[in-house]
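Peer 1: Protein chains in written order, with our numbering: chain A, 12 to 298; chain B, 2 to 260.
I should point out that these hints are in silico values taken from the structure, not numbers from a laboratory. Cβ coordinates follow ideal geometry from the N, Cα and C atoms, glycine included. One or more hints might be untrue.
To be verified - Just a sample of chain A residues kept apart from chain B, beta carbon distances all over 12 Å, derived:
no., residue
1, Leu71
2, Asp77
3, Tyr83
4, Ile131
5, Ala152
To be verified - Derived contacts from chain B toward chain A, CB cut-off under 10 Å, selection only:
no., residue
6, Arg57
7, Gly61
8, Phe62
9, Leu93
10, Leu163
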Amino acid sequence: MSSSLDTVSNITPSRTEVERSPSRIAPIWTKLRGLVLAILFPIAMLIIWHLLTYGRKYSLIPSPTDVALSLYDLAFGGINDDAYSQSLMTHLLASVSRVYGGFAIAAIAAVPLGLMIGRIPLIRSLLDPTLQIMRPVPVTAWLPLSMIMFGLGPRSAFFLVCLGAFYPILVNTIFGVRSVDPRLFEAASMLGCQGPAQFFRVVLPASLPAIFTGLRLGLGFAWVVIVVGEMTGVQTGLGAIIMEARQLSRTEIIISGMIIIGVAGFLSDRMVMWLGKSLLRWSPNFV
Amino acid sequence: MSKAPIPIIDIRNVSKQFEMQGQRIDALRDANLRINKGEFVCLIGASGCGKSTLLRIVAGFETPTRGDALMWDVPIPGPGPQRGMVFQDYGLFPWLTVRGNIAFGPKSRGRSTAEVRDTVERFISLVGLQKFADAYPHQLSGGMKQRVAIARVLANDAEVVLMDEPFGALDAMTRDRLQDELLDIWQRTGLTVLFVTHSIEEAIFLADRIVVMSPGPGRIDSEMEISLPRPRDVVASDFNDIRRELSLRLHSHHGRKAA
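Working from the sequences, and respecting the hints, build out all of it.
Peer 2: What follows is the structure in structure tokens.
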């Protein structure tokens, strides 16, 4: 018996190694190629942008150079020396804290709620219809009501960001719980794990990949709604300076703010992805 | 097998009806079957003959509409560790390693950590997966997954192992090897095995006794003791005689003559 098993054990790993080994340079080039291709498009856009705005003194849209200078001034100061100089960290930190704070509250509320809605029919019948009707209401529509309920300022911003992150987490958690392979419940119960114990030993681990996808989408939405969230009269934050710069017609500040939100959102998504890959090594979807 | 048979599973006049699109379907009608301790019994039949239903009733996943399903003379209350099930689609927990999957049962039953560790190592080597102890199911081949599924049931002290076409999704060579390994484990442990298959050859190769089932409504048609000495030679003439006889019995239900 052991000899036959040894052959089986040897076949699978060596086969994959053969497939991987043809060249060691190939993966490096593949990575580089991806990078080159990814940069090509934005460079082309920058050139077009530059050509369209270059030398027009009174253009409403600033040139890429102006935006770059404004970004530098926002970060380090020393160019314009106005209210925006060297204020990047303050605004970035304010927005990051709102995004992650709102996201954390949303996750703490949405994951357990989603688990219960997915698992307990009574709670599903009780809450699901209402939530399904509230879900399509855009965050922007909540803005006036939120300012009445939570007042002008950061609490409203938190609420709106939280709302934006809430539904993707909830919907994916419910989906994850409901799509657990029924076979796994049978397997668990014939192995002696029955009733409520299945919740932590089967339902939760089995739905983690879907929950994780929900968290990733939720964090993305939190960044998307941060500008709306900071329309609530807060003084700091990337959304706040965009809204303020709009009133002052400082378009280069607006574009700088947009770029920073894009980059910050991208990096935070990468972080979540990396976390998912290391926590969910078992799932073929995350490898 | 020479000792007096001790019945472990007793199926008495069991019928099972399902409701499907408002229609009642007789999945199983008046089945009677007694399985002795240490016996290897194969259920064979065309699809719709109720062989999986019967297996699932013994597992405790389904309850009979009429009749009694008993283990040690006590009605089967529901799924439990004494009757371990090996599914065709493995049913492994994808988030657990080979080790974790095998430890699942003993842990659920509150065994101590040291005890669980010993049990796991013992059954990992029984099925020859030492090198893959820390691999996740998606990294394993079908044959290896099925070895894990068998090991986790044995590690949980199952007295009866229920197998629902366990090798049906495997390639022919892996299937042959796993049949040998299963017989080897069965002979060493004295387990009772109830094995569903639609392969005549597999049934003759493995079983002490073959239960032939027929569809529409699902019922037990006949039984056949297989007394060929093991290891059995699938091309021997007496093997072929049994194959022909079983083939006749199976095909008679389709109103078709066996070749």
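Peer 1: Does each hint fit the structure? Answer for all of them.
Peer 2: Hint by hint, here is what the structure shows:
At roughly 54 Å, the least C-beta separation between Leu71 (chain A) and chain B is larger than 12 Å, which holds for a residue marked as non-interface. Every CB of chain B is more than 12 Å from the CB of Asp77 (chain A) (nearest about 52 Å), matching its label as outside the interface. Non-interface call for Tyr83 (chain A) relative to chain B: holds, since the shortest CB-CB distance, roughly 47 Å, exceeds 12 Å. Every CB of chain B lies more than 12 Å from the CB of Ile131 (chain A), the least distance being 21 Å, so the non-interface label holds.
The beta carbon of Ala152 (chain A) sits about 39 Å from the closest Cβ of chain B, which is more than 12 Å, so the claim that it is off the interface holds. Because the smallest distance between the Cβ of Arg57 (chain B) and any Cβ of chain A comes to about 9 Å, under 10 Å, the interface hint for this residue holds. Interface restraint check: Gly61 (chain B) against chain A, minimum CB-CB distance 7 Å, threshold 10 Å, status holds. The restraint placing Phe62 (chain B) at the interface with chain A holds, with a minimum CB-CB distance near 6 Å, inside the 10 Å limit.
Interface restraint check for Leu93 (chain B): the shortest CB-CB distance to chain A comes to about 8 Å, inside 10 Å, so the restraint holds. About 8 Å separates the beta-carbon of Leu163 (chain B) from the nearest beta-carbon of chain A, less than 10 Å, and the hint is met.
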